[in-house]
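Novice: Chains as they are written, first to last, in this note's numbering: chain A, 1 to 275; chain B, 1001 to 1307; chain C, 2001 to 2327.
The hints are simulated quantities; they were obtained by calculation from the structure and are not laboratory data. Each hint should be verified, as a subset may be incorrect.
What follows is a set of in silico ranges between Cβ atoms, one per label pair, in the way DEER data are often shown [as the list claims (entries may be wrong)]: (1) A:57 - B:1039: 53 to 61 Å; (2) C:2017 - B:1301: 47 to 55 Å; (3) C:2195 - A:8: 28 to 36 Å.
Stretch by stretch, here's where chain A covers chain C in the computed footprint (C-beta under 8 Å, at least three residues) [what the hints assert, rightly or not]: (4) 2070-2080; (5) 2107-2120; (6) 2125-2139.
Here a beta-carbon is modelled for each residue, glycine too, at the ideal position from N, C-alpha and C.
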Amino acid sequence: MARAQPRAAGDWSTPYRAVIGSRIRAQRSYRASFALDLFGSLLIGLAEFAEVWVIFHNVRVLGGLDFNAILLLFGLSNLAFSMADLLVGHVDNLPTYVRMGTIDAFYLRPQPVLAQLVTSELSLRRLARIGVALVALSAGLTQNHIAWGPQVVAMLVLALVFGTAIFAGLFVCAASLQFFLINGSELTNSFTYGGSYAASQPASIFPTPLKMIFGYLVPVVFTAYLPTLVILRLPGPSGLPSWLAWLTPFAALWVWFVALRLWRWGTRHYQGGGG
Amino acid sequence: MATATAGLTSFMEVIHAESNRSAQLRPPYPEGYVLAFVRAQMRTYGQLARAGFRRQSSYRLAMVAGVVTNIVFGFIRAAILFAAVQSAGGTLAGYTRDTISTYVWLSQALIGAVNIGGSGSTELSDRIRNGDIAVDFTRPVDVQGSYLATDLGRAAFTLLPRGLPTVLVGALTVGLALPSRPWPYLLGLVSVVLAVSISFLCGYAVSILGFWLVETRGLRSLYMVTSSFLAGLFVPVGLFPGWLSTLAHATPFPSILQVPIDIISGHVVGTEAVKTVAVQCLWVVLTCLIGRALTRDGLRKLEVQGG
Amino acid sequence: MTHQEPAIIELADLSREFTVHRKGAGRLRRDRSTLTAVDRLSFVIAPGESVGYIGANGAGKSTTIKMLTGILVPTSGSARTCGLEPVRQRRELARRIGVVFGQRSQLWWDLPLRESFSILAAIHRLDTARARSRTTDLVEQLEMGQALDTPVRQLSLGQRMRAEIAAALLHSPDLVILDEPTIGLDVLSKQRLREFLIHERTERGTTLLLTTHDMGDIERLCDRVLVVDHGRLAYDGSLPGLAATVGARRVLVVDLAAPAADLSDLPDSEHLGSEGSGMRQRLAFDAETTTAATLLAEVSKRCEVRDLSIEEPDIEDVVRRIYQSTR
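Based on the provided sequences and hints, a complete structural model is requested.
Specialist: In structure tokens:
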């Protein structure tokens, strides 16, 4: 008896909204450990800032940027990273799901597996780092002499939206590689956390190989440094002219292109097709 | 997904074997008993260290991965600190470009062995959380000591494979300054052993807090951040403003990273060096005692609660 | 069957190999060997059937199911489920089937059960009215009313299994695949579960594919049995036929009041062994030829029986015998 399928209710976003909504509700019930997590991530944010601050306790300029400019740089990079962490950071649970077999539950549902993985959680405890980043960003935007105008606003929006996209893509790259590696996070930390670290530094201090790597391969320079240069009307170092900042969407596209390829490769490996 | 690895010696198996062995000691006289007991203990610790050592060999790929990440971070940190030194006119808190390069690469080389922030295995806290730890305390081997011995074995294994490539890469790419006399390295080795111990004992104390807190993950990440920062992982403690430097030295953390690096690099020599090692010894004793006190209280709590 | 309907499951020479790496102690290179989990499996299941899929552990049952549901890609051969290619058309297939893996949960652990149901309804894009009536229906039949507001992780094993099955059936799939659903359940829970499955089948004509180690499940739920051994199909037919083919024997274990000689000459039974110098004796008998009662009577004629128990044929034993008999 071929059963006629009834028309589906809702739209394509209904499944995802349902899961995320429930995750938010779930996290609200973990009061105590949530508070500790929040405090912990606040401290991490502060410690990262403290490093910058200690350096500027000793020098006035780093890589052509003064402390106020660094505030802006730090704020942008950290905000993009922690937003990506909030939205997509939990994909690092993938190795656990694979090991326990719970990833199979994703295969049994009528949505793409990656989409399910990305929307499987919303890490609310990242809000603390977002807070720290916002404070730094506001300070950076107010302390510097910025010629406000549509260009600056556009650059800000571009940087934040596509910067977040770049880091999110890096997380997905890292997760995809977990299909092949055991304890693979040791390796992927080099471009996820390494990328975040590099993003909050003025790229002018990097030797050329590093500039090329973080400029074009793992293009985190697009998330904060180049936008900072544009907003503050500063020239870029050799190999990384400041106008490149307007090409940030392409950097994000590149990262996601690689991420989706790696994901394809990883799931194919998991499913046993093609080796 | 997980590859079955034969030859992985379990820490618990060793304890099991050794404690059975000690239980079979039947000396004819009291003095002999003490001797036999001491010999058995030393044999146990030796075996534990060896087990910790062997266990690492199955994580070869993870170690290569770890080296890669260490090197990447090394390059970034070197770039930052070079720019800082240059911006300060060539010397910064006593560091020149070369010596700060040494600092960066040695710290990257050591973080694996020293296990800063307890970022390594969570075996101890896992066992406390699921209650398996109770079994460990019924064994005639000292829990803190045995875990420490295993950790030293692990550190011994990761020190060269992880440390040497890092230093090499640093030396071949950006250049660094290392002393040519043997003394800094010898004293440095002692210092590293002490540093690993302090780091472990601090982490042990944090894990033991698991007797009171259900979920130690938040606490552990807090610990990881504070300890790495104050140990001089991000910037040398020498660069800290006065008050922060005082704060740092009131904790055992600088003894975990800053001190061994300063000794090996020759940044601190002679009687100064010996003094810092003495401070390390002090911290070893202190953290050991704190750990034991916490353990005692924790066990008492367990008994009361019928854990 | 009076008219040909498209098969709901169709396997043709389905095979799956795994490469196993083993590292010998102290050796640098790793050994590689190929493990054939599923070996040219072919069978067809028509809509509405209820099929038991049995075999020893590691015989390839879970692997087959993974290939049927699109989780794993076959090494060779083909599988078609609900007329679709499982891997390529996975998402469309997911709407038509419901799967329960006994050991792994598909529910959300930290939320009340009712939320899992509402999320799943959204995932399958069921319209609210239908979802609500279906959930109520399932909850009522599986007696899950009290458990609805409990977080899933606090449910007992029996409740959890029923919840998993309800979750798998929420979208009224055409095919339900259950992988070891009654493992670890107590007798009462098993009974309830079986009754529910029978009801569901009669109501909707859902096809059922059941993997289990429990012969009781097979007896009560399945009209057809597939036995797989080392990845190959060893038997395909009815359950009585299976017992007959195998000559499966039950074992009567008697505890005697006093030591006695081996009772090896009783009619229609074989003496398997004695313990305690003959105080406990194990006698195998063919369920087709005689009954436990008859055999007991024979034993009582010879000696005083203090206690007794009966062992059912071990599934591994049955399977082994099938494999040996079909070789």
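Novice: Check each numbered hint from earlier against the structure, then list the numbers of those it violates in ascending order.
Specialist: Those not satisfied: there are none.
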